[in-house]
Amino acid sequence: MIIQGRVVDFLFVAFLFVLTYVLARLTWIPSIRKIAAFDGIKEAVGRAVEMGRPVHMTPGTGSLNANESGPALIAGLATIAYAAELCASMKTPFIISLGSSDAIALTDQLLRQSFMVAGRSPEEYDPSVIRYFPGRDTIGSSLAFTNSVQGLMAREKPAANLMVGPFYGEQIALCEVAAKEGAIQIGGTQSTTQISIFAALTDYHIIGEEIFAAGAYVSKDPTQAKMIAAEDVAKIIAIALISLNALLIMLGLRILPFLQV
Amino acid sequence: MSNALRRSIPRALTSLIGLLLIVTYFFQLPSSIVDAVNFIPRFSVVIVAVAVGVGAFTLLKYHVSLIRKREPGRWIYSIVMLLSLLLFVIVGLGTGVNSEAFSWIYNALLVPCSATTYAMWCFFIASACFRILRVRGKQAAVLLISAILVMLSNAALGELLWVNFPLIGSWIQTVPMMAVFRALTIGIGLGMILQGIRVLLGRERGYFGGS
Amino acid sequence: MDAISLWISTALTIFTVSLIFKETPLYRFAEHIFMGTAMGYGIVLAVKATSDIVWTPILNGQVIWIMSIILGLMLFTTFSKKHSWLSRYPTAIVVSTGVTLTMITVIRSSFLSQITSTFLNPIAQPFTGSPELAINNILVIVIVICTLAYFVFSGAGTWQNNRALMLVRKAAIYFMMFAFGAGFAATVVSRIALWVGRTRYLLAPDSLPITAIIVVFTALILVGLEPLQKMWKKA
Amino acid sequence: MDLTERIEHYGMPALYLLLAIGIAIPILHPIGLPMVVGEDTKTFYALVDSLKPRAIVHYGIDPEIGGFEELRSRMIAIGAHLFAKDARIVFAGFDPNAPEIYKLLINDIGVPKGKEYGVDYVFLGYIPGREIGIASYAKDVHALLSVDYFGTPLQNLPLMNDVKTIRDFSLVISFSSHELPINYIQQVYVPYHARVAVVVIGVMAPALKPYYPDQIVGFLSTPRQGAEYELLLHRPGIGVADFDAQTIAHAILLIFIVAGNLIVLKRRHSKRGA
Numbered sequence: 001m002i003i004q005g006r007v008v009d010f011l012f013v014a015f016l017f018v019l020t021y022v023l024a025r026l027t028w029i030p031s032i033r034k035i036a037a038f039d040g041i042k043e044a045v046g047r048a049v050e051m052g053r054p055v056h057m058t059p060g061t062g063s064l065n066a067n068e069s070g071p072a073l074i075a076g077l078a079t080i081a082y083a084a085e086l087c088a089s090m091k092t093p094f095i096i097s098l099g100s101s102d103a104i105a106l107t108d109q110l111l112r113q114s115f116m117v118a119g120r121s122p123e124e125y126d127p128s129v130i131r132y133f134p135g136r137d138t139i140g141s142s143l144a145f146t147n148s149v150q151g152l153m154a155r156e157k158p159a160a161n162l163m164v165g166p167f168y169g170e171q172i173a174l175c176e177v178a179a180k181e182g183a184i185q186i187g188g189t190q191s192t193t194q195i196s197i198f199a200a201l202t203d204y205h206i207i208g209e210e211i212f213a214a215g216a217y218v219s220k221d222p223t224q225a226k227m228i229a230a231e232d233v234a235k236i237i238a239i240a241l242i243s244l245n246a247l248l249i250m251l252g253l254r255i256l257p258f259l260q261v
Numbered sequence: 001m002s003n004a005l006r007r008s009i010p011r012a013l014t015s016l017i018g019l020l021l022i023v024t025y026f027f028q029l030p031s032s033i034v035d036a037v038n039f040i041p042r043f044s045v046v047i048v049a050v051a052v053g054v055g056a057f058t059l060l061k062y063h064v065s066l067i068r069k070r071e072p073g074r075w076i077y078s079i080v081m082l083l084s085l086l087l088f089v090i091v092g093l094g095t096g097v098n099s100e101a102f103s104w105i106y107n108a109l110l111v112p113c114s115a116t117t118y119a120m121w122c123f124f125i126a127s128a129c130f131r132i133l134r135v136r137g138k139q140a141a142v143l144l145i146s147a148i149l150v151m152l153s154n155a156a157l158g159e160l161l162w163v164n165f166p167l168i169g170s171w172i173q174t175v176p177m178m179a180v181f182r183a184l185t186i187g188i189g190l191g192m193i194l195q196g197i198r199v200l201l202g203r204e205r206g207y208f209g210g211s
Numbered sequence: 001m002d003a004i005s006l007w008i009s010t011a012l013t014i015f016t017v018s019l020i021f022k023e024t025p026l027y028r029f030a031e032h033i034f035m036g037t038a039m040g041y042g043i044v045l046a047v048k049a050t051s052d053i054v055w056t057p058i059l060n061g062q063v064i065w066i067m068s069i070i071l072g073l074m075l076f077t078t079f080s081k082k083h084s085w086l087s088r089y090p091t092a093i094v095v096s097t098g099v100t101l102t103m104i105t106v107i108r109s110s111f112l113s114q115i116t117s118t119f120l121n122p123i124a125q126p127f128t129g130s131p132e133l134a135i136n137n138i139l140v141i142v143i144v145i146c147t148l149a150y151f152v153f154s155g156a157g158t159w160q161n162n163r164a165l166m167l168v169r170k171a172a173i174y175f176m177m178f179a180f181g182a183g184f185a186a187t188v189v190s191r192i193a194l195w196v197g198r199t200r201y202l203l204a205p206d207s208l209p210i211t212a213i214i215v216v217f218t219a220l221i222l223v224g225l226e227p228l229q230k231m232w233k234k235a
Numbered sequence: 001m002d003l004t005e006r007i008e009h010y011g012m013p014a015l016y017l018l019l020a021i022g023i024a025i026p027i028l029h030p031i032g033l034p035m036v037v038g039e040d041t042k043t044f045y046a047l048v049d050s051l052k053p054r055a056i057v058h059y060g061i062d063p064e065i066g067g068f069e070e071l072r073s074r075m076i077a078i079g080a081h082l083f084a085k086d087a088r089i090v091f092a093g094f095d096p097n098a099p100e101i102y103k104l105l106i107n108d109i110g111v112p113k114g115k116e117y118g119v120d121y122v123f124l125g126y127i128p129g130r131e132i133g134i135a136s137y138a139k140d141v142h143a144l145l146s147v148d149y150f151g152t153p154l155q156n157l158p159l160m161n162d163v164k165t166i167r168d169f170s171l172v173i174s175f176s177s178h179e180l181p182i183n184y185i186q187q188v189y190v191p192y193h194a195r196v197a198v199v200v201i202g203v204m205a206p207a208l209k210p211y212y213p214d215q216i217v218g219f220l221s222t223p224r225q226g227a228e229y230e231l232l233l234h235r236p237g238i239g240v241a242d243f244d245a246q247t248i249a250h251a252i253l254l255i256f257i258v259a260g261n262l263i264v265l266k267r268r269h270s271k272r273g274a
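Protein chains in written order, with this note's numbering: chain H, 1 to 261; chain F, 1 to 211; chain B, 1 to 235; chain Z, 1 to 274.
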């Protein structure tokens, strides 16, 4: 039996699973709207090549197994893997600041893959591009990470600064230090309290959920676009529910109780 | 076989664990099964704790290489880093986290550094205001207007100009801002769910399966 | 607090904050102290957490917990070129728990309950509600719908080119910019408060003289270091 | 170099210096800039003021150490007010920083003469488990804890003998820098309908505002309300100094925002001219 109070939740997840399955079977391939920020990554890497300065990337701090920060970290790493691929194919140096010790192995694997996709030999990949600083998963606060990355950016003077992942306020410091070095900045996070800072401070802002679209957006795999389409269907359902309720409630009918089961 | 060990089995493991966790969350199952599945999150907590060693090793490896190379302007600081790390670990593991010595080091070294790194955000937000809040275009103008309205309503200055300023600020935060953030929350939630499905199906690029 | 720790913590405070002007050896010194102590603290916490969770059950005969340690140690294979694939097993466990646990909680907290809290009455019970409430409710509904519609990605070049939808997306951008401005400004007060607190610490009666001495010293380094280095090179 | 270039070049360091000095002045010598006391503060003040003598109040020390500074003036003023109203206070925290903050706080509040530990106030220390911790605390304090922070058995503390569940509290206040107050609402208000008042840092305000005034009876979310509270209490302290510092800092920021926009205007103008 389904646990009480979780029926609607379950139906919804089941619906999404079925939807993705059905969409994956179809031959129809949805076309995905352009996300300017992802094209900004290309521009940023290109600028780093021109200026002969490195690209700095960070997925923020947090733990892979934690609520919310885990998915955001994976989304950030997907974007970073793409940017690293661009850097590798243009032979431009890059630095990755990690604040999550459990993500080191994953990052290492992703970077090897990026080098291979970019057509470089795995021997050319130098694991020391991954700089680790104790972050939220280790000491419960991101301040040591922030402090070290500030120093790193002030010394290495990156031409571009890519920040995608879980951030908890430290991005204001990272953005300002990078701005002082004249870096072009791209940022995005899942935390609603922190989105505004990125929107105000970065040149290209990956807004909210767009960070989760990264992998799908940059890959040529048509299934990925179908996953995005499934998300769109759910969003349209949300819009429909809200508008439907607005109409019905004026007529004195309530659909709210059905969603609270 | 080797490909199975390297790729397929980890991928299958991911899907299996995810499925087990979903099923135990939604369905009423015998407590023996629930207890067994509850082992998984606790296992992963231990893995994350052990992973700190991987982090420490990565950090040490980099700094030891700086010291070996006698990197100008860097290696001396790497020694400082190593020494403070050693001091903390020796005192912490030797005398325990509740000892006097440990809390002395904690309060003299770690607390001022973290408090100051945090407090510096005051200067960074100030320079961000100066640098960013400029009318460069229509969108920037909208951002500037709402930012100034909220700032005025938070400080006494707005109130001196007009008594109702604080009301404007709180209206902006409770109506339009809240509405936008609610929509963003819905979208981000969906993004996370779909990402979860991608991971479980082995289709997420940020995870091994994506290629 | 005793005098030595007062000197040390005041010095670290001022050295750290000096980064806003320039990166100097003073900042670098404080930075590496912080890095080292934080890592050390992290190690101590991790050792304690591991032994707290694992040690007692193992002593009670639950040998399966040794597996969790072994899985954790498998992450270290990332440093070897040949065996790094072994690290995929622990990563698989960590990632799938993180992703799945988020997934099942987010359905309620970020999706369903956010939708149900937008179940507002646009005319706010015409006979009892206030006109302001009605306007606010309509605004909330419109903004939520526009912003949601902005994030519909698929259908580019086909039905998304609809005039009305383009207008909705444009409106959504302005709504978002307005919200981001407010969200940005709302953090200003808290951020200023942080430095106010630090200033209060630096200017407390017993640390005031120490602060003065270290500020002067730091200022001298900030201003004088570069000319000095140039002179040194010339000589 | 013309004026706009000069502003661009020297603007940042000048802004930093002015800000540091502008904040330092009122900390050394509070100015006492004029202010209007807001409705939320008046409501909160009346809430505490209407407590009956010997009423029991839960004082939740739930901020992170970094968020404490922003809450400090409000925590002190409300604590002092509770003591002045002869309320009995149970200090406890659901954030690991609670013990550190308690030591600073009790020193700041200054326990009035005649108030005795164990009779008029107790400190239960840090209670782990966040939401689960709050739920078990609300259900039965004695089942959750057997000793206070200092190791004294709860039955030896006269105050704790009058406390069993959350229903014994006339008022439950949470001071926090993160989402713990939401857990209070879920675990204390929803099941027991206890009177919950919440004091948070500005960043958390949007998250909690929707609950006020339906689920929570008092809500403070900006540091200036600390100053307002001090004025109502006739006990000017760090809140007033904080408020002066905030006002000066905001004035400096606004001046620099105007200067930044002048640069943009000037550039646009000169481009058109050229």
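Read the hints as simulated data drawn from the structure, not as lab findings. Note that the Cβ used here is the ideal one computed from N, Cα and C, for glycine as well. Do not take every clue at face value.
[Unchecked claim] Cβ-to-Cβ under 8 Å is the rule here; a few derived chain H residues that face chain B:
id, residue
1, Gln4
2, Leu23
3, Gly40
4, Asn65
[Stated by the list, open to error] List of simulated lysine to any residue pairs, SDA-like, C-alpha gap at most 20 Å:
id, chain 1, residue 1, chain 2, residue 2
5, B, Lys170, F, Arg136
6, H, Lys180, Z, Glu5
7, Z, Lys271, Z, Glu5
8, H, Lys34, B, Ile141
Residue hint Leu23 of chain H, partner chain B, criterion CB-CB below 8 Å: violated (10 Å)
Hinted pair Lys271 of chain Z and Glu5 of chain Z, Cα distance within 20 Å: holds (15 Å)
Interface hint outcome for Asn65 of chain H [beta carbon to chain B under 8 Å]: holds (4 Å)
Pair hint Lys170 of chain B and Arg136 of chain F, alpha-carbon separation not exceeding 20 Å: Judged against 20 Å, a Cα distance of about 18 Å means the pair holds.
Per-residue hint verdict: Gln4 of chain H, partner chain B, C-beta under 8 Å: Check failed: Cβ of Gln4 of chain H comes no nearer than 13 Å to chain B, outside 8 Å.
Restraint status (C-alpha distance of Lys34 of chain H to Ile141 of chain B at most 20 Å): violated (26 Å)
Restraint status (C-alpha distance of Lys180 of chain H to Glu5 of chain Z at most 20 Å): holds (16 Å)
Interface hint outcome for Gly40 of chain H [beta carbon to chain B under 8 Å]: Where the cut-off is 8 Å and the nearest Cβ of chain B is about 16 Å from Gly40 of chain H, the hint is violated.
Hint check: violations occur at hints 1, 2, 3 and 8; the rest are consistent with the structure.
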